[in-house]
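Take the sequences, apply the hints, and build the full model.
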Amino acid sequence: MGEGPITEEKRMFMTGNETVAWAALAAGAEIMYGYPITPQNEIMHYWTRLAPKHGRLFLQTEDELSAGFTTVGGVLGGRRAFTATAGPGNVLMQEPVSMAEMMRLPIVIVVMQRGGPSTATVIYSQQEVTLTTLGGNGEGFRIVYSPSTNQELFDYTIKAFNTAWRYRFPTFVLADGYQAKLREPLTIYDPAARGIKMVPTEAYTGRPGTPGIDRPPGQYRNTYNTEEELYEVILGLAAEYEKMAAEVAEYQSFGTEDATVVVVAHGVVARAAKDAVEKLRKEGLKVGYFRPVTLRPLPLAELRAVAGSAQKLLIAESAYGQLARLVKEAIYGTKTEIVPLYKPGLGVTSEEIYARAREIVA
Amino acid sequence: MSRIVEAYIGEYASGKSECAINRALELARLRREEVLSRVRKALEYRQALEVRGGKLEVGNLEGIRLANSPRRFHTSNLLSPTSKNRRFRVASGVTLVDLDVVEPFWTLRPLKKEIEAKGITVIAWDREDAEGLGEAGTVLKPAARWALARQGDVILDVGYGVGGARVLEIIEGYPENADLRVFAVINASRPMTATVQDIVDHVHNLGRVDGLVNNTHLGEETDSTVVQEGAKLVTAAARVLNIPVVATAAVDRVAALIGPRDCEGNPVRPLRRFMPRGFW
Amino acid sequence: MQVSPAMPKSWRRDTKPHKFCPGCGHGLALKALGEAIDELGIQDKAVFGCDIGCSLLAWDFFNVDTVQTHHGRTIPVMTGMKRARTELVCIAYMGDGGGYAIGSQHMVNAAARNEKITAILINNTQYGMTGGQMAPTTMPGQKTETTPYGRDPEVAGYPTKGPEMVAAITDERAYVARGTIARPRQLKEFMKKALQNQLDGRGFSFIEVVSACPTNWRTNAKETWYWVEKTLPTYFPVGELKVPEALRAGGGAKNG
Numbered sequence: 094m095g096e097g098p099i100t101e102e103k104r105m106f107m108t109g110n111e112t113v114a115w116a117a118l119a120a121g122a123e124i125m126y127g128y129p130i131t132p133q134n135e136i137m138h139y140w141t142r143l144a145p146k147h148g149r150l151f152l153q154t155e156d157e158l159s160a161g162f163t164t165v166g167g168v169l170g171g172r173r174a175f176t177a178t179a180g181p182g183n184v185l186m187q188e189p190v191s192m193a194e195m196m197r198l199p200i201v202i203v204v205m206q207r208g209g210p211s212t213a214t215v216i217y218s219q220q221e222v223t224l225t226t227l228g229g230n231g232e233g234f235r236i237v238y239s240p241s242t243n244q245e246l247f248d249y250t251i252k253a254f255n256t257a258w259r260y261r262f263p264t265f266v267l268a269d270g271y272q273a274k275l276r277e278p279l280t281i282y283d284p285a286a287r288g289i290k291m292v293p294t295e296a297y298t299g300r301p302g303t304p305g306i307d308r309p310p311g312q313y314r315n316t317y318n319t320e321e322e323l324y325e326v327i328l329g330l331a332a333e334y335e336k337m338a339a340e341v342a343e344y345q346s347f348g349t350e351d352a353t354v355v356v357v358a359h360g361v362v363a364r365a366a367k368d369a370v371e372k373l374r375k376e377g378l379k380v381g382y383f384r385p386v387t388l389r390p391l392p393l394a395e396l397r398a399v400a401g402s403a404q405k406l407l408i409a410e411s412a413y414g415q416l417a418r419l420v421k422e423a424i425y426g427t428k429t430e431i432v433p434l435y436k437p438g439l440g441v442t443s444e445e446i447y448a449r450a451r452e453i454v455a
Numbered sequence: 247m248s249r250i251v252e253a254y255i256g257e258y259a260s261g262k263s264e265c266a267i268n269r270a271l272e273l274a275r276l277r278r279e280e281v282l283s284r285v286r287k288a289l290e291y292r293q294a295l296e297v298r299g300g301k302l303e304v305g306n307l308e309g310i311r312l313a314n315s316p317r318r319f320h321t322s323n324l325l326s327p328t329s330k331n332r333r334f335r336v337a338s339g340v341t342l343v344d345l346d347v348v349e350p351f352w353t354l355r356p357l358k359k360e361i362e363a364k365g366i367t368v369i370a371w372d373r374e375d376a377e378g379l380g381e382a383g384t385v386l387k388p389a390a391r392w393a394l395a396r397q398g399d400v401i402l403d404v405g406y407g408v409g410g411a412r413v414l415e416i417i418e419g420y421p422e423n424a425d426l427r428v429f430a431v432i433n434a435s436r437p438m439t440a441t442v443q444d445i446v447d448h449v450h451n452l453g454r455v456d457g458l459v460n461n462t463h464l465g466e467e468t469d470s471t472v473v474q475e476g477a478k479l480v481t482a483a484a485r486v487l488n489i490p491v492v493a494t495a496a497v498d499r500v501a502a503l504i505g506p507r508d509c510e511g512n513p514v515r516p517l518r519r520f521m522p523r524g525f526w
Numbered sequence: 155m156q157v158s159p160a161m162p163k164s165w166r167r168d169t170k171p172h173k174f175c176p177g178c179g180h181g182l183a184l185k186a187l188g189e190a191i192d193e194l195g196i197q198d199k200a201v202f203g204c205d206i207g208c209s210l211l212a213w214d215f216f217n218v219d220t221v222q223t224h225h226g227r228t229i230p231v232m233t234g235m236k237r238a239r240t241e242l243v244c245i246a247y248m249g250d251g252g253g254y255a256i257g258s259q260h261m262v263n264a265a266a267r268n269e270k271i272t273a274i275l276i277n278n279t280q281y282g283m284t285g286g287q288m289a290p291t292t293m294p295g296q297k298t299e300t301t302p303y304g305r306d307p308e309v310a311g312y313p314t315k316g317p318e319m320v321a322a323i324t325d326e327r328a329y330v331a332r333g334t335i336a337r338p339r340q341l342k343e344f345m346k347k348a349l350q351n352q353l354d355g356r357g358f359s360f361i362e363v364v365s366a367c368p369t370n371w372r373t374n375a376k377e378t379w380y381w382v383e384k385t386l387p388t389y390f391p392v393g394e395l396k397v398p399e400a401l402r403a404g405g406g407a408k409n410g
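Chains as they are written, first to last, in our numbering: chain D, 94 to 455; chain C, 247 to 526; chain R, 155 to 410.
A few of these clues could be false.
To be verified - Simulated pairs of lysine-lysine, BS3-like, Cα-Cα distance not exceeding 27 Å: (1) D:Lys-405 - D:Lys-336; (2) C:Lys-387 - C:Lys-358; (3) D:Lys-103 - C:Lys-478; (4) D:Lys-421 - D:Lys-405; (5) C:Lys-358 - D:Lys-436; (6) C:Lys-387 - D:Lys-436; (7) R:Lys-297 - R:Lys-199; (8) D:Lys-367 - D:Lys-405; (9) R:Lys-185 - R:Lys-173.
Unchecked claim - According to the in silico footprint, chain D covers these stretches of chain R (three or more CB under 8 Å from chain D): (10) 190-201; (11) 212-222; (12) 225-239; (13) 257-264.
It should be emphasised that the hints constitute simulated quantities derived from the structure, not laboratory data. Since the model is a prediction, treat every value here as computed from it, not as a measurement. Even glycine gets a Cβ: it sits at the ideal position worked out from N, Cα and C.
What follows is the structure in C-alpha cells.
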C-alpha cells in the first residue's frame with residue numbers, strides 16, 4: 094500500500110479536476126491521452142505533474158479524435174487508459190467511443206460539460222447529456238455516471254475504471270465546469286484500503302506467444318458485410334447491455350413514497366434539488382427527491398415506480414430538456430405530468446427549485 | 247505606513263484571491279483610518295487656527311487627496327468612498343490587480359463591483375469586456391501590465407500556480423520595484439502541499455518568494471485544528487526556506503477562535519469569504 | 155491436387171485466397187510486409203492496424219494480432235498502443251484517403267512527434283472501396299467518379315506528395331520512403347528498414363506504396379502496369395527520402 098500514490102486516507106481540499114487526476118492515479122490508471130479544452134484542463138495539468146512520480150504516462154494528442162483513438166489503442170494493449178474532454182471535444186470523442194462500443198473496449202472518458210451548442214461558453218452546462226448518453230452512430234451502449242460532489246468525482250472515477258473493465262463498455266464520468274472548478278473537501282483513499290479491488294486489465298493485442306503457433310491471433314473488427322451479420326452483433330451487444338443494466342444503474346432518492354411532486358435532477362443541480370426538497374419536507378410538503386446517478390443506463394424500475402405514484406415530476410436541469418427526454422422515455426405509459434425547470438447553460442439554485450416545487454405542489 | 251506592494255502567488259486553488267481581496271480591504275480600511283485621523287487633526291488644527299483668527303491652507307493637508315475646500319470637511323462623508331459627490335470621495339489609494347491570465351473571467355470578475363464599492367481600484371476584466379474574447383480569454387489587461395507604476399498600495403492577485411507566478415515577469419517595473427514583496431499562499435490541506443517537503447519543493451518551483459501565508463483550510467469544514475496544523479507545517483517549511491511566515495489566514499469565525507497569533511506565533515489575518523460568490 | 159503458392163510464414167493460410175480484387179496492389183504490398191515480418195522475426199510482437207477503405211479487408215490477413223480501426227484513425231490507435239506497450243511493433247496500414255485526407259492531422263502530428271510506429275500507405279490514386287472517387291493522390295486529368303472530366307488542378311489542386319511532406323516535418327531519426335508494387339524486393343527492403351527503425355526505438359517510419367486498382371481504374375493488365383511503372387512515377391518518384399545513419403550501413407535497398 095505504501096507504494097501507491099495515496100498512502101493513507103485523508104481529508105483534502107481540492108478542485109473537481111484535480112480530484113479526477115488523483116482518483117485516476119488511485120485507480121491505477123496507467124496512461125492518459127488528452128487534448129486541451131476548457132474546463133477540463135487541470136485534469137491533464139495535475140495528471141502530468143503526478144504521473145511521472147508514479148510511473149504513469151501521458152500523451153498530448155493533436156485533437157480529441159486522436160485522444161479517443163489513442164485511448165482505444167492503450168486499452169487494446171491492455172492498459173488502464175483514460176481521457177478527458179468537454180463540449181466540442183466530446184463531439185469528436187463520439188467517434189472513438191462508437192468504435193469502443195462496437196468492439197467492447199473499456200475506455201474511460203471524463204467529461205466536464207461546458208455551454209453549447211458550438212463553442213458557446215467554457216464555463217458550465219448540462220447540455221452534453223444527450224451526446225454522452227446516446228452519441229455516436231449507434232445505440233448508446235455506454236455507461237454514464239453523473240457525480241455531484243468532489244467526493245463522488247473521486248469515488249465514481251475509480252468506479253468507472255472497474256465498471257468499464259468488468260462489463261467492457263465505454264464508461265463516462267459526466268461532470269460539468271462548475272464541478273471541475275468547485276473547491277471543496279473530500280476524503281481521498283487507496284481503493285485497496287477500502288476493500289475495493291480493481292478489476293484486472295487484459296490485453297487484446299500483444300499477449301504472450303506467437304499468433305498462429307502458440308495461440309490464435311487476436312483479430313478485432315468493426316466492419317460487417319451484411320445486414321444480418323450486423324443485426325446479430327447488435328442484438329448480442331444489446332443483450333449484454335441489458336443484462337448488466339440493472340447491476341450498474343444507481344440512484345438516490347428520499348421522500349418519494351408519499352410525494353405528490355418529485356424533483357428529478359442530476360449532477361451538480363441535484364445538490365440544489367436536495368436542499369430544496371429537504372426544506373420543503375421540513376415545511377410538511379409532500380415533495381420527494383430523485384436523482385439518477387447513472388444517466389445511462391437509467392435506474393428504470395425505480396424511476397417508473399416514482400413516476401407511478403407521484404402526480405408531477407419537476408425536472409430541473411441546466412439544459413433545455415435533455416434529462417427530461419431520457420426520463421420521459423423511461424416512464425412512458427405512466428400518467429405523471431412533467432413540469433420543466435430548464436436553464437440551459439445556467440446554474441439552477443435551490444431557491445428556484447424550492448419556489449417552483451412550492452407552486453406546483455397540491 | 248509606507249507604500250505596500252504585495253503579490254500573492256501560489257498553487258492553483260490555494261486561496262490566493264481570497265487572501266489578496268482581504269488584504270486589499272484591510273489596507274483600504276487602514277488607509278482610510280489614516281486619512282481620517284489626519285483629517286481629524288486638520289479639523290482640530292482649523293479650530294485652533296480659527297480661534298486665533300487664522301485660515302487653513304489646503305497645503306496643510308499633506309497626503310490627503312481631496313479637492314474640496316477644508317471648510318466642507320465632514321468625517322461622515324469621508325467614510326463613504328462611493329459618495330455621489332466626487333468632492334467628498336476619498337480614494338483609499340489601494341489597487342487590486344487580477345493577474346490571472348488563464349481564467350481571468352472566472353475569478354474577480356463577479357466581485358469587481360462589490361470590491362470597488364469599498365473604495366478599491368480593481369484592475370480586472372469586466373463582464374462587458376469579455377464580449378468576443380472567447381474561450382477562457384487568456385489576455386492581460388493593459389492596465390495590469392503597468393500596475394506597479396500606480397501610486398498607493400498595490401495588491402497583485404497572481405493566478406494559476408507556477409505558470410501564474412511567471413506572470414510577474416511581464417509586469418513593468420518587476421523586479422526592480424523595491425517595495426514589492428511576493429508571498430506564496432499555502433493550503434496544507436491540498437495534496438500537492440500537504441507535507442513540509444512538498445511545500446518546500448513547491449515554493450522552489452514558484453521562483454521568487456519573500457514570505458509564506460498559511461491559508462490551510464478545508465472549506466466549510468475548517469476548524470482551528472486544521473488551521474493550526476497547517477501553521478506548523480508552513481512554519482516548518484518557512485524555516486527550511488529561510489523566509490518568514492507573514493500571516494496565518496483564516497475565516498473570521500475560526501480566526502476568532504485562534505486569537506491574534508497562531509500556535510507558531512504568526513499573526514492571524516481574519517478572512518471574509520468573497521470567492522464563493524466568484525464563479526469558483 | 156492443388157499447389158499452394160509460396161506465402162510468407164506470417165500470413166494466415168486459412169484466410170487465403172485473400173479478399174482483394176484480382177490485380178489489386180494490396181496483396182503485393184502485404185506480401186512484402188509479411189516477408190519483412192518473417193525476416194525480422196517479429197510475428198510475436200507485431201500488431202497490425204488496418205484502416206477503413208480496402209485496407210480493412212486485411213483484418214484477418216496475418217497470423218499477427220490485428221485491429222481494424224476507423225477511417226483515418228489507424229495512426230492514433232497504433233500510437234496509443236505503442237505508447238502504452240513500447241515492446242510491441244505497431245504497424246498502421248492505410249490508404250491514401252485515410253492517411254492524406256481524413257486522417258492527415260494524425261499523419262502530420264505522429265510524424266512531428268516522432269512516434270515510434272510504422273505507417274504504410276497504399277497509394278492507388280483514388281478511393282477504392284467507396285467506388286473510385288478522387289483521392290488526394292489522384293493524378294491531374296485522371297477521371298474518377300467525382301472528377302468525371304478528369305482532375306482539374308485549378309479546381310482540385312495537385313496530388314499530395316506524402317513522403318515528401320513527412321520527410322520535411324520529421325527529424326533525422328525518421329525513415330521515409332516511397333516504394334512500388336512494381337519492385338517487390340525493393341519494397342520488402344524498405345519495409346524491413348521501416349520496421350527496424352521502430353525496433354531500434356529510433357522513430358517514425360513511413361512508406362508510401364505506389365499501387366494499382368485495376369477495378370476502379372478500369373484498366374487491363376497491360377494498361378495497369380503501364381500506369382504503375384511509367385505514369386505514376388513521373389509524379390510519385392520511387393526511392394528513399396530519409397534514412398537514419400544507422401540504417402544506411404546495412405545497405406540493401408537502392409534508390410530509384
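So, going through the hints one by one against the coordinates:
Proximity of D:Lys-405 to D:Lys-336 is assessed by CA-CA distance (about 30 Å); at most 27 Å being required, the pair is judged violated. Between C:Lys-387 and C:Lys-358 the alpha-carbon distance is near 14 Å, which keeps this suggested pair within the 27 Å criterion. This hinted pair checks out: D:Lys-103 and C:Lys-478 have alpha carbons roughly 18 Å apart, not beyond 27 Å. Under the criterion of a C-alpha separation no larger than 27 Å, the hint pairing D:Lys-421 with D:Lys-405 is consistent with the structure, at around 12 Å.
Proposed proximity of C:Lys-358 and D:Lys-436 is supported: the alpha carbons are some 25 Å apart, at most 27 Å. Restraint check for C:Lys-387 and D:Lys-436: not satisfied, since their Cα atoms lie roughly 32 Å apart, outside the 27 Å limit. Of the supplied pair hints, the one linking R:Lys-297 and R:Lys-199 is violated, its CA atoms being roughly 42 Å apart against a limit of 27 Å. With a C-alpha separation of about 17 Å, the suggested pair D:Lys-367 and D:Lys-405 falls inside the 27 Å cut-off, and the hint holds.
Straight-line distance between C-alpha atoms of R:Lys-185 and R:Lys-173 comes to about 14 Å, which keeps the hinted pair within the 27 Å bound. Chain D is given as covering the segment 190-201 of chain R, and this holds because 4 residues of the stretch bring a CB closer than 8 Å to a CB of that chain, at least three being needed. Under the rule that three or more residues need a Cβ within less than 8 Å of chain D, the assignment of the segment 212-222 of chain R holds, with 9 such residues. With 11 residues having a Cβ less than 8 Å from any Cβ of chain D, the segment 225-239 of chain R passes the three-residue criterion, so the hint holds.
Judged by the Cβ-Cβ criterion of 8 Å, the segment 257-264 of chain R is covered by chain D as claimed, because 4 of its residues qualify and three suffice.
Comparing the model with each numbered hint stated earlier shows that hints 1, 6, 7 do not hold.
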